[in-house]
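Q: Those sequence lines, one after another, are chains P and B. Heads up: the first sequence runs through residues 1 to 155, numbered per the working numbering. Heads up: the second sequence runs through residues 1 to 588, numbered per the working numbering.
Bear in mind the hints are in silico, worked out from the structure with no lab data behind them. One should not assume that every hint holds.
Stated by the list, open to error - List time: in silico DSS-like cross-link candidates among lysine-lysine, alpha-carbon distance up to 27 Å:
id, chain 1, residue 1, chain 2, residue 2
1, B, Lys401, B, Lys428
2, B, Lys148, P, Lys54
3, B, Lys401, P, Lys76
4, P, Lys53, B, Lys428
5, B, Lys497, P, Lys142
6, B, Lys57, B, Lys227
7, P, Lys22, B, Lys356
8, P, Lys147, B, Lys428
9, B, Lys452, P, Lys17
10, B, Lys148, B, Lys452
Said to hold, decoys possible - Pairwise CB distance ranges (calculated):
id, chain 1, residue 1, chain 2, residue 2, range
11, P, Ala77, B, Asp135, 19 to 27 Å
12, B, Gly298, P, Ile155, 14 to 22 Å
13, P, Ile145, B, Thr413, 34 to 42 Å
14, B, Asn429, P, Lys53, 17 to 25 Å
15, P, Lys115, B, Asp510, 31 to 39 Å
16, B, Asp510, P, Lys42, 48 to 56 Å
17, B, Gly538, P, Glu108, 30 to 38 Å
18, B, Ser415, P, Lys42, 23 to 31 Å
19, B, Lys292, P, Gly61, 30 to 38 Å
20, B, Thr413, P, Lys115, 21 to 29 Å
Cβ atoms here follow ideal geometry from the backbone N, Cα and C, with glycine treated the same way.
Chain by chain, the residues run as shown.
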Amino acid sequence: MVELKMPQKEVILKVIKNQPSKTHTVLSSLLAVSKEFHYVPKNSIRLIAEYTKKTVNDVWGVASYYTNFRFTAPGKATLDVCWGPSCHLMGAQKLLKEVHKLLGINEEGETDDGKVTLRYSTCLGACAHAPVCAIDHKLFGKTSINKIKDRINDI
Amino acid sequence: MDSKTIKNQLQAEWDNLTVDFKTLKDQAQAEWINLTSGNNYWVRVGYGTSGYAAGAKEIFEYLTEKTKTMNNVKVDLVGSLGLSFAEPLVDVTKEDGVRVFYNNVDIDIAKKIFNDHIKKNNIVKEFVFGQICSDGEKALTGFAELDKIEPLVHTKRIATKNCGNISPTDINQYIANGGYEGLFKALIQLTPETILEEVKSSGLRGRGGAAFPTGVKWSFLSGSDSKIKYILCNCEEGDPGAFNDKGILENDPHMLLEGLILSGYATGASNGHVFIREGHEIPIESARKAIKDAYEIGFLGENIMDTGFNFDVEVSLTGDSYVAGEETALMEAIEGKRAMPRFRPPFPAAFGLWGKPSNINNVKTLAYIPSIINNGSSEFKKLGSGNSTGTAIICLSGHIKRPGMYEIEMGMTISELLKNVGGGSSSKNDIKLLQTGGPLGGILGASDFNIKIDFDEMAKAGAILGSGGIIVGDTSTDVVDLVRNLIAFNQFESCGKCFPCRLGNTHMLDILERICMSIPNDKDLDVMASIGNSMKTGSLCGHGQLGYNPISSALKYFKDEFDEAVKVSSQPSPRVSGKMILPTRTRP
Numbered sequence: 001m002v003e004l005k006m007p008q009k010e011v012i013l014k015v016i017k018n019q020p021s022k023t024h025t026v027l028s029s030l031l032a033v034s035k036e037f038h039y040v041p042k043n044s045i046r047l048i049a050e051y052t053k054k055t056v057n058d059v060w061g062v063a064s065y066y067t068n069f070r071f072t073a074p075g076k077a078t079l080d081v082c083w084g085p086s087c088h089l090m091g092a093q094k095l096l097k098e099v100h101k102l103l104g105i106n107e108e109g110e111t112d113d114g115k116v117t118l119r120y121s122t123c124l125g126a127c128a129h130a131p132v133c134a135i136d137h138k139l140f141g142k143t144s145i146n147k148i149k150d151r152i153n154d155i
Numbered sequence: 001m002d003s004k005t006i007k008n009q010l011q012a013e014w015d016n017l018t019v020d021f022k023t024l025k026d027q028a029q030a031e032w033i034n035l036t037s038g039n040n041y042w043v044r045v046g047y048g049t050s051g052y053a054a055g056a057k058e059i060f061e062y063l064t065e066k067t068k069t070m071n072n073v074k075v076d077l078v079g080s081l082g083l084s085f086a087e088p089l090v091d092v093t094k095e096d097g098v099r100v101f102y103n104n105v106d107i108d109i110a111k112k113i114f115n116d117h118i119k120k121n122n123i124v125k126e127f128v129f130g131q132i133c134s135d136g137e138k139a140l141t142g143f144a145e146l147d148k149i150e151p152l153v154h155t156k157r158i159a160t161k162n163c164g165n166i167s168p169t170d171i172n173q174y175i176a177n178g179g180y181e182g183l184f185k186a187l188i189q190l191t192p193e194t195i196l197e198e199v200k201s202s203g204l205r206g207r208g209g210a211a212f213p214t215g216v217k218w219s220f221l222s223g224s225d226s227k228i229k230y231i232l233c234n235c236e237e238g239d240p241g242a243f244n245d246k247g248i249l250e251n252d253p254h255m256l257l258e259g260l261i262l263s264g265y266a267t268g269a270s271n272g273h274v275f276i277r278e279g280h281e282i283p284i285e286s287a288r289k290a291i292k293d294a295y296e297i298g299f300l301g302e303n304i305m306d307t308g309f310n311f312d313v314e315v316s317l318t319g320d321s322y323v324a325g326e327e328t329a330l331m332e333a334i335e336g337k338r339a340m341p342r343f344r345p346p347f348p349a350a351f352g353l354w355g356k357p358s359n360i361n362n363v364k365t366l367a368y369i370p371s372i373i374n375n376g377s378s379e380f381k382k383l384g385s386g387n388s389t390g391t392a393i394i395c396l397s398g399h400i401k402r403p404g405m406y407e408i409e410m411g412m413t414i415s416e417l418l419k420n421v422g423g424g425s426s427s428k429n430d431i432k433l434l435q436t437g438g439p440l441g442g443i444l445g446a447s448d449f450n451i452k453i454d455f456d457e458m459a460k461a462g463a464i465l466g467s468g469g470i471i472v473g474d475t476s477t478d479v480v481d482l483v484r485n486l487i488a489f490n491q492f493e494s495c496g497k498c499f500p501c502r503l504g505n506t507h508m509l510d511i512l513e514r515i516c517m518s519i520p521n522d523k524d525l526d527v528m529a530s531i532g533n534s535m536k537t538g539s540l541c542g543h544g545q546l547g548y549n550p551i552s553s554a555l556k557y558f559k560d561e562f563d564e565a566v567k568v569s570s571q572p573s574p575r576v577s578g579k580m581i582l583p584t585r586t587r588p
C-alpha cells in the first residue's frame, strides 16, 4: 500500500485519538475527522478502520449513510439553505432559486470558482427565524438574498 | 454492626452532606444576589441557537468590548426566554433587581444602551420592551411588566423556568435557583423505588412523540439486574419546526442533567448518553460544559455525594439522519453504525445499547424530573388536562406574529394558543392550518382549532402533539405544496431498510410532484392511499408507519383542494408551482 502523506496522516491519527467523548466508534471518528477537514479524506477511512478494529467496508458503509459526510474538499465556505417545512412556508423555495442565480449553479455543489459550496439542509434548528441559512455553521435568520450576498462578499 | 450503629453512621453521613450542599448553595446564592441586586450592572444577552440566528453574538461582543475596562459591569450570554420574535433580547439589571429589556437590538440600539443606560444610568425609553421584577413594589413606572402581559402571562414555566434567566455555563447560577436540590434530596432521603413511584404518580408521559408513561418505562429498566444499564437522552430532534430539546439543552443544561442523574438513580443505571446531531454547536458545547462542571463538583462520577451511587454521562454525536432519533436506530448510531431501526422484540429494556438494558427518554421528559422530585408529583399533577398532566413545551413558527418557544399548561385550546401566545397571524390573512408533531405528524385545519392541546385530543383529531413543534400556515398556504414538502422530507430521510417506506415515499413524492406541476392522474389519491397502507403495515419504525399521516390528515380538512388539484383537464390549472428544489443525495 502506498504510504500516506505524513502531515495529513498525522493529523487524522491525532484527531481520532483525541475525541472529546469517551466512547470512540466508527461514526464518532468519522465525525471528528469531518469536523477537522470539513470533509472525509479518503485515506482516513483505512485509518479509522484500523483504529476501531473494523473493516474498510464497515467504515464506508457508515460514511455513506449519513448525509453530512462528503469525500472531496468543499469550497472555501459552505452555505446551508434550509428547505424544511417552516422555512418552506416562509419562502425557502424562492430563496433557493435566487441563490442558484447568485451562485451560477442549479443544484447542490461547488461554484466554478470554488468559493462556495451550496447544501440544502433539512433543519438548522432556528425555525422561529425562518427562512434560516448558515455559512460554515454560522446561522442567520429571516434571510433575504441580499443578506446572503453580503456574507458571501465577505468571504 | 447493629442497627443502632448503622443508624448513627447514616445520621453522621447525613449531617456531613447537609453541610456540604448547604455551603455550596449558600455560596451560589450569595453570588446570585450580588449579580441580581448588587451594586453592579448585570447585562444579559439572550442567546441559544435562536438568539444566535437573530444576531445576539454581535451584540454580546460589542457590549463586552465596550465594557471590558469597567469593573461594575458584567455582560453574560444567558439562555433564550423563548421570545424569538423579540430577539436579540438584551436586559440590564441594577441594584433594584429590575430587569429592563430591550428587544430586537441592533448595533445602533446597543450603542445607545451602552452610552445612556450603562454609562449614565439613563434608561433608553424609546427602545424598552418591558421589565421583569420579582419584587412588584420596585417596578418602574411607564414600562410594561413582561410576565404580566401576553405572551408570557399565558405560559407556565416548569422545565424551562430558568431559560433566559441564568447563564447556562455557570453551574452556580443553576444551584442558586434551586438546582440539584431535588437530586440531593433524592439521593439522601429517597429510595429508587420511591422516586419511581413519584414519577409514575405524576402521570408524566414521554415528550418525544409516543407519549408513553415515563414511570412505567423506567420500571422496565429497574426490573433488570444487569450491572451495566444505560439511560439515553434523545436530543437528536431532526423535526423541522421543533427546537425545544436543543432549547433546553442550550439554555439550561443542568436541568436536563439533574433529571438524567435522577433517572439513573431511580432505575439503577450506570451510564448516560446525551445524543445530539453534529453541527448544532451551541447545544453540544453547552452539554459538554455542564457535564464537565457536574463531574468537578461531584454530581457525576463515582460515589456521588458520598452515597455510593455511581453514574457517568457523556455526549454522543450523530451525523445527519432523521431516523437516528428513533429509539433503536439511536442505539445503532451510538454504537457507530448506520442509524437503522432494529427488530423488536427484544425491546431496549432487555437488549439495548451494546446489548445491555437501556432506556430512552426525550430531553423535555427528563427536564421535568427535578421539579417533580423537588415539589412532589401532586404539584405537577395539578396542571394539565385528562391523561396529559403538566405542561407542553410548544415551538411556534411559520405565519405567526410571535414565533418562539413557550411552555404552556396542557389543556389550553389551539385557538387560545394562537391568539394569546402567538398573537395571531403574522400577515393580513387568517390562519388556515397548522402542521404539528414534525413531518410525520399531521395537518390540522382551522375548523378544529377549538380542541385542547393534550396528547389524546390532538391524536383524535389526526394531528400529533409529538415533540411540540407547531408550524402555522395562513390562507396563502397551498396545502398540496406543503404536503409535497413533508413527503419530500420523509423520502429524503428514509433510512432505506424497509422497502415499503423507501419506495413508498419515493412514489408518493413523484405523484405529488406531478400534481403540483399540473399533470395529475385521476387515480393519484387512491394510489397514494394504497401506498400509505402498505407503508403502515410493512415498516419497522414510525418513519414508514406514520409516513402517510401528512396526506391523510390534510385530506381530512382540505379534500376539496386535493380534488381540484388532481382534476385532469386540458386547460393548464393555475397551480404550476414547478418542480421543488430538493437534495439529490441518497443513501446507498
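Q: Each hint needs a verdict: does it hold in this structure or not?
A: Each hint tested on the structure:
Simply put, lysine 401/B and lysine 428/B have alpha-carbon atoms about 11 Å apart, close enough for the 27 Å limit, and the pair holds. Simply put, lysine 148/B and lysine 54/P have alpha-carbon atoms about 59 Å apart, too far for the 27 Å limit, and the pair is violated. Taken as a hint, the lysine 401/B and lysine 76/P pair is broken in the structure, with Cα atoms around 37 Å apart against an allowance of 27 Å. Of the pairs offered as hints, the one joining lysine 53/P and lysine 428/B is violated, with about 61 Å between alpha carbons and a cut-off of 27 Å exceeded.
Pair hint lysine 497/B plus lysine 142/P does not hold up; C-alpha atoms about 37 Å apart against a cutoff of 27 Å. This hinted pair does not check out: lysine 57/B and lysine 227/B have alpha carbons roughly 45 Å apart, beyond 27 Å. With a C-alpha separation of about 18 Å, the suggested pair lysine 22/P and lysine 356/B falls inside the 27 Å cut-off, and the hint holds. At roughly 25 Å between alpha-carbon atoms, lysine 147/P and lysine 428/B fall within 27 Å of each other, so this suggested pair holds.
For the hint linking lysine 452/B to lysine 17/P, the alpha-carbon distance of about 52 Å lies beyond 27 Å, and the restraint is violated. Among the hinted pairs, lysine 148/B with lysine 452/B is consistent with the structure: their alpha-carbon atoms are about 23 Å apart, no more than 27 Å. One distance hint, 19 to 27 Å for the beta-carbon pair alanine 77/P and aspartate 135/B, is violated here, with the actual separation near 49 Å. Checked against the hint of 14 to 22 Å, the C-beta distance between glycine 298/B and isoleucine 155/P comes to roughly 46 Å, which is inconsistent with it.
Roughly 39 Å separates the CB atoms of isoleucine 145/P and threonine 413/B, a value that falls within the hinted 34 to 42 Å. Range check, asparagine 429/B to lysine 53/P: Cβ separation about 59 Å, and the 17 to 25 Å hint is violated. Lysine 115/P and aspartate 510/B have their C-beta atoms about 35 Å apart, which keeps the hinted 31 to 39 Å range intact. A hinted range of 48 to 56 Å is violated for the C-beta pair aspartate 510/B and lysine 42/P, which are about 34 Å apart.
For glycine 538/B paired with glutamate 108/P, a C-beta distance near 31 Å keeps the hint of 30 to 38 Å intact. Checked against the hint of 23 to 31 Å, the C-beta distance between serine 415/B and lysine 42/P comes to roughly 56 Å, which is inconsistent with it. Range check, lysine 292/B to glycine 61/P: about 33 Å between beta-carbon atoms, so the 30 to 38 Å window is met. Checked against the given bound of 21 to 29 Å, the beta carbons of threonine 413/B and lysine 115/P, roughly 51 Å apart, lie outside it.
The structure fails hints 2, 3, 4, 5, 6, 9, 11, 12, 14, 16, 18, 20 (numbered hints given earlier, in ascending order).
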